[in-house]
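Chemist: Chain by chain, the residues:
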Amino acid sequence: GDSVTQMEGPVTLSEEAFLTINCTYTATGYPSLFWYVQYPGEGLQLLLKATKADDKGSNKGFEATYRKETTSFHLEKGSVQVSDSAVYFCALSDRGFGQNFVFGPGTRLSVLP
Amino acid sequence: EAQVTQNPRYLITVTGKKLTVTCSQNMNHEYMSWYRQDPGLGLRQIYYSMNVEVTDKGDVPEGYKVSRKEKRNFPLILESPSPNQTSLYFCASSFRGEGAQYFGPGTRLTVT
Numbered sequence: 004g005d006s007v008t009q010m011e012g013p014v015t016l017s018e019e020a021f022l023t024i025n026c027t028y029t030a031t032g033y034p035s036l037f038w039y040v041q042y043p044g045e046g047l048q049l050l051l052k053a054t055k056a057d058d059k060g061s062n063k064g065f066e067a068t069y070r071k072e073t074t075s076f077h078l079e080k081g082s083v084q085v086s087d088s089a090v091y092f093c094a095l096s097d098r099g100f101g102q103n104f105v106f107g108p109g110t111r112l113s114v115l116p
Numbered sequence: 831e832a833q834v835t836q837n838p839r840y841l842i843t844v845t846g847k848k849l850t851v852t853c854s855q856n857m858n859h860e861y862m863s864w865y866r867q868d869p870g871l872g873l874r875q876i877y878y879s880m881n882v883e884v885t886d887k888g889d890v891p892e893g894y895k896v897s898r899k900e901k902r903n904f905p906l907i908l909e910s911p912s913p914n915q916t917s918l919y920f921c922a923s924s925f926r927g928e929g930a931q932y933f934g935p936g937t938r939l940t941v942t
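Listed in order, the protein sequences are those of chains D and W.
First residue of the first sequence? That's 4 in the working numbering, and the numbers climb one at a time after it.
First residue of the second sequence? That's 831 in the working numbering, and the numbers climb one at a time after it.
Among these hints, one or two may not hold up.
[As the list claims (entries may be wrong)] Dumping the calculated SDA-like pairs for lysine to any residue here, alpha-carbon to alpha-carbon at most 25 angstroms:
{"hint": "1", "chain 1": "W", "residue 1": "Lys895", "chain 2": "D", "residue 2": "Asp97"}
{"hint": "2", "chain 1": "D", "residue 1": "Lys59", "chain 2": "W", "residue 2": "Gly936"}
{"hint": "3", "chain 1": "D", "residue 1": "Lys52", "chain 2": "W", "residue 2": "Glu831"}
{"hint": "4", "chain 1": "W", "residue 1": "Lys887", "chain 2": "D", "residue 2": "Tyr33"}
{"hint": "5", "chain 1": "D", "residue 1": "Lys52", "chain 2": "W", "residue 2": "Glu860"}
{"hint": "6", "chain 1": "D", "residue 1": "Lys55", "chain 2": "W", "residue 2": "Met880"}
{"hint": "7", "chain 1": "D", "residue 1": "Lys71", "chain 2": "W", "residue 2": "Ala930"}
{"hint": "8", "chain 1": "W", "residue 1": "Lys887", "chain 2": "D", "residue 2": "Gln48"}
{"hint": "9", "chain 1": "D", "residue 1": "Lys59", "chain 2": "W", "residue 2": "Asn856"}
{"hint": "10", "chain 1": "W", "residue 1": "Lys887", "chain 2": "D", "residue 2": "Leu49"}
{"hint": "11", "chain 1": "D", "residue 1": "Lys52", "chain 2": "W", "residue 2": "Lys895"}
{"hint": "12", "chain 1": "D", "residue 1": "Lys80", "chain 2": "W", "residue 2": "Phe925"}
{"hint": "13", "chain 1": "D", "residue 1": "Lys55", "chain 2": "W", "residue 2": "Lys895"}
{"hint": "14", "chain 1": "D", "residue 1": "Lys55", "chain 2": "W", "residue 2": "Lys901"}
{"hint": "15", "chain 1": "W", "residue 1": "Lys887", "chain 2": "D", "residue 2": "Gly4"}
{"hint": "16", "chain 1": "W", "residue 1": "Lys901", "chain 2": "D", "residue 2": "Gln48"}
{"hint": "17", "chain 1": "D", "residue 1": "Lys63", "chain 2": "W", "residue 2": "Lys887"}
{"hint": "18", "chain 1": "D", "residue 1": "Lys55", "chain 2": "W", "residue 2": "Gly936"}
{"hint": "19", "chain 1": "D", "residue 1": "Lys63", "chain 2": "W", "residue 2": "Phe925"}
{"hint": "20", "chain 1": "D", "residue 1": "Lys52", "chain 2": "W", "residue 2": "Met880"}
{"hint": "21", "chain 1": "W", "residue 1": "Lys887", "chain 2": "D", "residue 2": "Asp87"}
{"hint": "22", "chain 1": "D", "residue 1": "Lys52", "chain 2": "W", "residue 2": "Lys848"}
{"hint": "23", "chain 1": "W", "residue 1": "Lys901", "chain 2": "D", "residue 2": "Val90"}
{"hint": "24", "chain 1": "W", "residue 1": "Lys895", "chain 2": "D", "residue 2": "Asn62"}
{"hint": "25", "chain 1": "D", "residue 1": "Lys55", "chain 2": "W", "residue 2": "Arg926"}
{"hint": "26", "chain 1": "D", "residue 1": "Lys59", "chain 2": "W", "residue 2": "Lys895"}
{"hint": "27", "chain 1": "W", "residue 1": "Lys887", "chain 2": "D", "residue 2": "Thr8"}
{"hint": "28", "chain 1": "W", "residue 1": "Lys887", "chain 2": "D", "residue 2": "Lys71"}
{"hint": "29", "chain 1": "D", "residue 1": "Lys63", "chain 2": "W", "residue 2": "Lys895"}
{"hint": "30", "chain 1": "D", "residue 1": "Lys71", "chain 2": "W", "residue 2": "Thr940"}
It is worth saying that the hints were derived from the structure and are not from the lab.
The shape of chain W in the complex, shown without the other chains (with noise of 0.2 angstroms):
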């Protein structure tokens, strides 16, 4: 089944623990993305790949960092998280970035 996964769904730290959201898509897609989504701000991208060690920042990428090392995964890091990073984050990918996204299933933080 095509599908986008990732890890945890839901997850509370505190301020200053590094954390990792792992994202897995099995599609072959070249493109990835982060969102986060907050009430009242809609969805708003954090970082995109367009290929493997193809990384971009989108709208809101400050105090997040990613990698793409492989072409299948796209792990969001968190070096230092603080309580705006308070969120419901989405991975997404599509196929050469210009197609349909698919999302995978969220990720609910709350950092305290």
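If we strip away everything but chain D, and leave its shape as in the complex, we get (with noise of 0.2 angstroms):
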């Protein structure tokens, strides 16, 4: 079945350092691809997404490229803030399949000043 593999996590980084989360996924179809963030006692938030092969999604400095030849979408952001601390999914929706959505495990970001 369709599967998405994250970095675990936790990734500590000091304020205005770059980010990369590394998200691959396993899909039979042609799924489109999120980033969602879970701040503490929240609910998920969509990030960004993608649809298709070669989108790049972009929201709040955050960016994420679908890479099809490599199964990828790794999340990216130049520089870090401390607001940034959350947990990430990566998550896919393979609309061929049962149209049902599959997250990775999540990565926990701490963001220190």
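With the hints as a guide, bring both chains together as one complex.
Modeler: Next comes the structure, spelled out in structure tokens:
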């Protein structure tokens, strides 16, 4: 079945450091890919998405590019802030098979001042 | 305001006592889904619904029931809760099941 793998973390960075969180997927169809963020005590919020190969999703300084050849969707940000501390989930939606969603295990990010 | 609401937010119950967690969305979304979130296991889908009267099992449906009689509501029913169903539950909805999902605030359930 479909699956999403991402670096487990936790990831600890200093403010203004560069962030990369790796995400790779397996899917039998042509999935849409997403990054969600969960702040403490809250539900998940969509951060960005890409629906086809080579699409780049971006939001709030975060970016991720849909790479079909490497089945990857790595999340990057050039300069993290303390307020970016959260858990980040990579996810896919495979439209060809039941349209259900599959999430990665999440990566906890802590940004220190 | 576009939102997904869940009730209750916190619930402590005993083994075997039937309970329902309600979920409602005001965005006219066709697709709704339930997830549970457990430490070390991430987010796992329980059930989803493509539209009214159309539901299907996710990855971990055992011990749960759902119904979709109205487009806006998608309650999660635990007929006979057990301690292994202690978890944080999220409801989500989206347009046509392929776009971004909007999540509710979560329901923390403890079964003793």
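Chemist: Which numbered hints turn out to be false for this structure?
Modeler: 2, 9, 11, 12, 13, 14, 17, 18, 21, 22, 23, 24, 26, 28, 29, 30
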